[in-house]
Amino acid sequence: MSAVVNGAGKLVSWVDDRVTTNNWLKRNIRKAFPDHWSFLLGEIALYSFIVILLSGVFLTLWFKPSMAHVMYDGAYAPLRDVGMSEAFASTLELSFEVRGGLLMRQIHHWGAIIFIAAMSVHMLRIFFTGAFRKPREITWVVGVLLLVLGITNGFTGYSLPDDLVSGTGMRIIEGGMLAIPVVGTYLSSFIFGGEFPGDDAIPRLYVLHILLVPGLILALVTIHLILVWYQKHTNWGGAGTSNETTVGYPLFPIYTAKAGGYFFVVFGVIVLLAATIQILPIWLFGPYDASVVSAGTQPDWYVGFLDGALRIMPNWEFYIAGYPISLNVLVPAVLLPGIILMPLLLYPWLEQWVTGDKREHHVLDRPRNQPVRTGIGVAFITFYLLLWIGGGNDFVATIFDIPVMWITRFMQVAIFVLPPLTYWVTKRICLGLQRRDRDRVLHGSESGVIVVSPDGEFSEVHAPLAEVTAYRLTAHERQAPFELGPETDEYGIPAPRRRGDKLRSRLSKVYFADVVQKPTRDELEMAHHDGHGAAEPHGEIEAGRH
Amino acid sequence: MTISRDDKMSEYTTEATGTELERRRVGDPIPDPGFPESPARLTDTDLKAERRAERQVAGMFGLAAVLVIAFLVFYVIFPIAADEGGVDVGAVRDSNLALGLTLGGSLLLIGIGAIHWARKLMSSHQVIHERHELRSSDETRAATLADFELGAEESGFGRRKLIRNSLIGALLLLPLPAVILLRDLGPAPGGVKKRTIWDTGVRVLKDRSFEPIRPSDLQVGSLVIAMPESYLDLPDHGPVRQNERGKSSVFLIRMPPGEFRVDEGRENWHVDGILCYSKICTHVGCPITLYERDTHHMLCPCHQSTFNLAEGGEVIFGPAKRPLPQLPLAVDDEGYLIAQSDFVDPVGPSFWEMNT
Amino acid sequence: MTAISARRRHPLAAAVVLFVALLLFGGLYAAFAPESQADVQASTSTQIDEGRKLFAIGCSSCHGLNGEGQTLDDGTVLGPSLVGVGAAAVDFQVGTGRMPAGPPGAQLPRKEVQYTDEEIEALAAFVASLAPGPEIPGAAEVDPERGNVARGGELFRTNCAQCHNATGQGGALSYGKYAPPLAGVEPKHIYEAMLTGPQAMPVFNDNTLDAEQKRDIIAFLKHIEDEPNPGGAGIGRIGPVSEGLWGWLIGIGSLIGAAVWLGAKRS
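Chains as they are written, first to last, in this note's numbering: chain A, 7 to 552; chain B, 3 to 358; chain C, 96 to 362.
Source of the hints: derived by calculation from the structure; they are not laboratory data.
Worth double-checking, as some hints may not be accurate.
Said to hold, decoys possible - Which residues of chain C face chain A? A few of them, derived with a C-beta cut under 10 Å, are:
(1) Ser155
(2) Ser156
(3) Cys157
(4) Gly192
(5) Tyr210
(6) Ala274
(7) Ala278
(8) Gly279
(9) Trp343
(10) Leu350
Glycine included, every Cβ here is placed at the ideal spot set by N, Cα and C.
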């Protein structure tokens, strides 16, 4: 036994003597983890969260979450004798009087940007590959909640330095609160401790930012990871993988080295970003003043879609008995998040209900094999991107020299027109790709070699597909729409839940009616008899029948 | 009479999987060729390549160590101490860059080294593990349910309705203290949002310099950001001044007479073409003063609500609905601009009680 | 713009800026140094004649031979009257290349200057002779070194940042108009813009923003322009929009690249 094992063994034995860990270790030390790149997106999120926690603790040692008014007399000369909050002054201190303080601030902020971006792409990957299906619905819901909490914490953190740009963001949030009927004014008064901005907001946001929300995130991350661990990772369909197995590198040593190494890569990339690219130069923006604004005031990217919605919403506001109903604020700032969030949370069950598929799934879908789901996803991305671009319409205007009003008008129409269009286009592309897969399985790949037969006919040589590839292209399931049973059973008793089932059957047809099915064994044999893509060593000459 | 667990179990043992469709047939239409053996790596077959990879990994870890030392050195040799004239921002940049590149570089090298090690030198192959259906066996399920029912019956929770209902009632009420405790987060808004510190005879002062303004100070095309004189009476500590900035700040512009519409009842609100409007957007409250003197458009930079100041501050574009509130102006005995009264319309974003 | 701001961080930049500044101030001094009264009178009257000639050739087609302006029958203003706009307006409009105007658009962009410094002075002298108006500021009035940066920052945020952005990057206005970025603009042109309110920009005359306050604003702008970005590349200093873009492209982009390498088939 080597020295390493000896040393580790002693420790493991010591722990095992007390809490029986080896029982668990024995089962898990060689647990299989696949390492496809798309499975690492969630890890980026996890690792950047750790980086944020570490750098955040450092920042708390100097930051003063106080809105008390001070005259600045610190190191940054261009702001001396300017009135500001202690929060802003201590952020300046962190940036200009603490060695590595600016670096840590930038690590923290870049980390947050990467954290939420990584959660977003991770969620898209899960959606497009169907990894949210049973038994992973809880993991999905926890993930969506994590994204919401991440955005919340990003926003609270963004507001803490109390600079001109973030203060304006807070003002917009206050405007959103005021639009809530009946309770809005009270809500705002309670949260800000009176009138906006007051002097309570930052200490309160600070507690949310460093204690409550991170605590919740930590708890949910734990649940998320336990679920991933317990249910074992999904696999791409292909040779050797199935719903009954999981394939991958053993946890120890390969996965430990790769995932551990990847943690350092994520950490390193964030630190290098912080070293080389400046983020939110609050000393240039100046302290917040509720009577002052800067052109091009924007929230961080993950709130941009809400700001875009506020920008492109028409100015609908009406009164009921003198009480305002401000749809121009309510719809984009209060209702829209719910309108986006609810379907997102419920999607696993919606799809389950429509397709009637309640089985466990551990093999991922290739997005093309679920044209409708993929189309829905792309339509959502389109919708989101349009709002996002709408949120930066002033920059689009100045960079591309287009009047900002035109962009707003375009977006007002586009958010209704473009998502259905991209849905349709995506679905057609998926169906086309499915058809190509089917052709490849039946006839092999096009080799690009044109052969002239003695009769003068031109044809292309088709190279047969490797068995592994052919299997991968047919590893998915055949899909059938939900069948609506007979109106009444054999005794003439009407079937229960008929109306719901009718809707379900219609939706199910939308999902699956157009799907290009993979070839059956008979079709495959027919095609091979026809001479396409057969296993002959040099391919076959075809008579131009395609 | 006692009920045993076994009695309960029999009630819950059912066939659970019978009805589900078996859509997927493994090997349809092509049989699974089985997990492909991964081809041997160069480092598996070539001793030289293996040595090289080993040197690369060790080199990266070594360099990472060097960079950590460099970080410590740079921490000391790049001071950012401020003198009388303040901190040298260039020195902060150098420190940030030096510390960041060394720390980031060493982290990145450790990461890349570890992954490189795993990819080139660790000899593990992929492993295949069996999955088991996640649901417990029917027997276990039945046993659990039986235990639960047994417990429920033993507690009498179902039978003793008085106990059950009173407990539910108590538990339902319990969150109320937690909610009510939040009441003192802030005062009831009252009418505070409807009033500003503008009042009859309050002078209009240039913001920042707080000097009074004569009408002749403004020429056509001028823009002046202003605050009420009463602002200076507010305490310099606490949030009051900042709150008023978010509510009472205004701006003055001057247009040639005849170039702007004068609404009924507002004929004497301007002084020789000098108009005063609230600076706070009626959409969600951003301060606006993106004034175009040639078109008299006033744009909000946050959401592009555009107000036409020549038409009574009406909205001509964007999400804001209400016109920009106008402050009635007059001139006092000494010839300085004053307010005739507070704003007539509520200032800032719409809120529920604004018309009450 | 970005190319300039990038090069600003070059080690030689300071030297170049210093050299240019020396030339500039040398030139300005030569232009504004007090000469004997008689000389001033003489040079001014010859300047006015020179200006009148230049004006007739280059400007009169729109502004009229005597700067009275021209309006077409349908009411379109071909060129506004220049009577009373003063030398400062001419120096700003011509000195930043906005005049003579190019093809019509939402507003006149800053472009290559068409006249030499002497010609601009002559034009300014001619227009100033039409009626009294704002004068070109002296070198001392626009000297950033004499301004108070902190006070200038507060004034800038109060009066200017809403259009020109807190870091002077400019921004969009209504219907295709925009507030231009302020980096690289000569101090006297900043001063003249405030004084005369070109195009859509409101006027900040000496009664509403006195000369000292204008100089403070110039001092602030020049200070932040020359101040290095302590956090690394400035990426436009516009805040979240470019940060989000870089976070996605560089941050997420490189991390996904690393993940692809990590999971690539063994070779």
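Hint check results:
no., hint, in the structure
1, Ser155, "30 Å, violated"
2, Ser156, "27 Å, violated"
3, Cys157, "24 Å, violated"
4, Gly192, "17 Å, violated"
5, Tyr210, "26 Å, violated"
6, Ala274, "6 Å, holds"
7, Ala278, "12 Å, violated"
8, Gly279, "16 Å, violated"
9, Trp343, "6 Å, holds"
10, Leu350, "5 Å, holds"
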